[in-house]
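Student: Could you put the whole structure together from the sequences, leaning on the hints where they help?
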Amino acid sequence: MIEVENLVKKFGDMTAVDGISFKVGRGEIFGFLGPNGAGKTTTINVLVGLSRPSSGTARIAGYDVTKDPIRCKERLGIATQDANFDRHLSIRDDLFYNGLLHGIPRRELKKRVDSALKWSKLEKYRNKRFYKLSGGMQRRLVVARAMLSDPEILLLDEPTTGLDLQSRMQVWESIKNLKKSGKTVLLTTHYIEEADVLCDRIAIIDHGRIVTSGTPDELKRMLDGNIAIEVTLNPEAMNEEIESDLNRISGVNLVEIKSNRIKIGVNDDTIVEDVLKSLFTKARVSEIDIIRPTLDDVILHLTGREIR
Amino acid sequence: MKTRTARVVLAVWEREMYDYLKNLHVYATRLVVEPLLFIFIFGMGLGRRVVIGDVNYLDFMAPGILFMVATNNSYQTVSLRLMIAREWDKTLITALTAPVKPFEIVLGYVLAGVVQALVACAVFIVLMSYIADISFGCIPLILLFIILTAAFFSSLAVVTAMWLDNLYQQVVFTFLVIVPMIFFCGTFIPITDLPNRVQPVIDMIPLTVAVQAVRMITLSIENPYLWQNLAYIIVCGVTIFSVGLYLFKRRVIT
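One line per chain: the protein sequences are A and B, in this order. Mapping of the first sequence onto the numbering used here: position 75 corresponds to residue 75, and the numbering continues sequentially without gaps. For the numbering used here, count along the second sequence from 1 and bump the result up by 1000.
Some hints could be false.
[What the hints assert, rightly or not] In silico DSS-like cross-links for lysine-lysine, where the CA-CA straight-line distance does not exceed 27 Å:
1. A/110 <-> A/180
2. A/124 <-> B/1002
3. B/1101 <-> A/110
4. A/121 <-> A/180
Hint data in this document are derived by calculation from the structure and do not stem from the laboratory.
Tutor: Structure below.
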């Protein structure tokens, strides 16, 4: 549904997007994960025709975004980062006039506006101006507006930025429901957990380049060699034999003992069982923690710094 | 015009008119009360003691005030709404993510400016006919001049809303350019009373052309250049609309 090839966007000397390529299939939730200023919003802006690419191509459902912008936008709904509503209009009126721009017939549009308000749980605020709503309500309204034209593809630009936990969970639930209804979603976020929970595939973007991409599990497996097992043993059971036994197991790359707690680093999931068997035969184990790499670890590994 | 284009233009126009009608009490204060004050103070007060040529000052001034109403209603409302949509509410971004073209959005705003000017001018003409017993003559022809002048100033509003950086600059521009233009384009005093060096510049402004042409209509003076006057305002309007559209694209689409 979305195909981007070698997309470059420059603003004067500054390169915001530096030759990225990716594809998003029908019904997929694709996440763009990266820090502020990584090029996520610029890419979205190119897709909706708010930015002209410096080079490269972007296609929506086979149509080129620069040559056939109307056909592309007919298939798109966008939830922008800012809650940009007309402050003179009630949220109901704003949705209505936005729907008119999408060419939805009036009678049908009135029904859709009501459904959008119901979906976003804002029915009782229909006559309020958007700035009277809380941050969470505004975000839900932005997503509801994006869905008003019932588009095939939704572009959600940082849909939960600045929200409290409860509001974030509500928006996540809404996005999961979009997937169930067969929508294709391109989601940008700088929340790692959000990408992990919602996305079928993720592209990690930094300095305008895609550093890597894959399913959340594939990305985490990039650091498979970094599984850590932390075990607490009965203090009397501690002896040097345990350490030497562990070091003899192939695939163990670290054994670190502090008092009655041992940290064992292994290369592979399959070795975890061997390690535990070895420990159980020698001592009474009172606590086991298996620590697998998270997306945070992957990003740190790939970009060399904490996400900004 | 394609159906989709017409639909989008009308959608933009309808939204602007909805806002206008909802806030009519606010606009009416500025746009009807202000010209009436001019008429009462300068026209009916001072004007009774002044004659220009062999024309009563109130009769001389009425077409000028009529075009002051047209200019204010088209320029000020469109420039303010567009600047707010661009800089403050950022609703232009939302609009452009719909399947629309910049041309259609701009045309919708210009159309709204023209209709708002027509409404205000119609109210003014009716009021003046009752209060000051002024006859405006050939109303359809006057309305045509109003439509074209309002289209020019709505397009100029697009230019300034896209060219200037913020509302403060817009206020300064209105004070330094639009207000003097309204005062010196034959509204209150004949162009011939202005310094010789300024006159050719003033003559080129479409507002001057419209005011003078309509004054000739209201005073029943034959105008051999009537169609040339209309054509000139159309050419200026199309030119300034094109500039506005160019600036709109440059400002909103990065």
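Student: Given the hint that residue 110 of chain A pairs with residue 180 of chain A, does the C-alpha gap stay at or below 27 Å?
Tutor: Holds - the C-alpha atoms of residue 180 of chain A and residue 110 of chain A are around 25 Å apart, at most 27 Å.
Student: Holds or violated: residue 121 of chain A and residue 180 of chain A, Cα atoms, limit 27 Å.
Tutor: OK: residue 121 of chain A and residue 180 of chain A at ~19 Å, within 27 Å.
Student: Can you confirm whether the C-alpha distance between residue 1101 of chain B and residue 110 of chain A stays at or below 27 Å?
Tutor: 24 Å, holds
Student: Quickly compare the C-alpha distance for residue 124 of chain A and residue 1002 of chain B to 27 Å and report which way the hint goes.
Tutor: Since the Cα atoms of residue 124 of chain A and residue 1002 of chain B sit roughly 39 Å apart, the hinted pair is violated (cutoff 27 Å).
The structure shown violates just one earlier hint, number 2.
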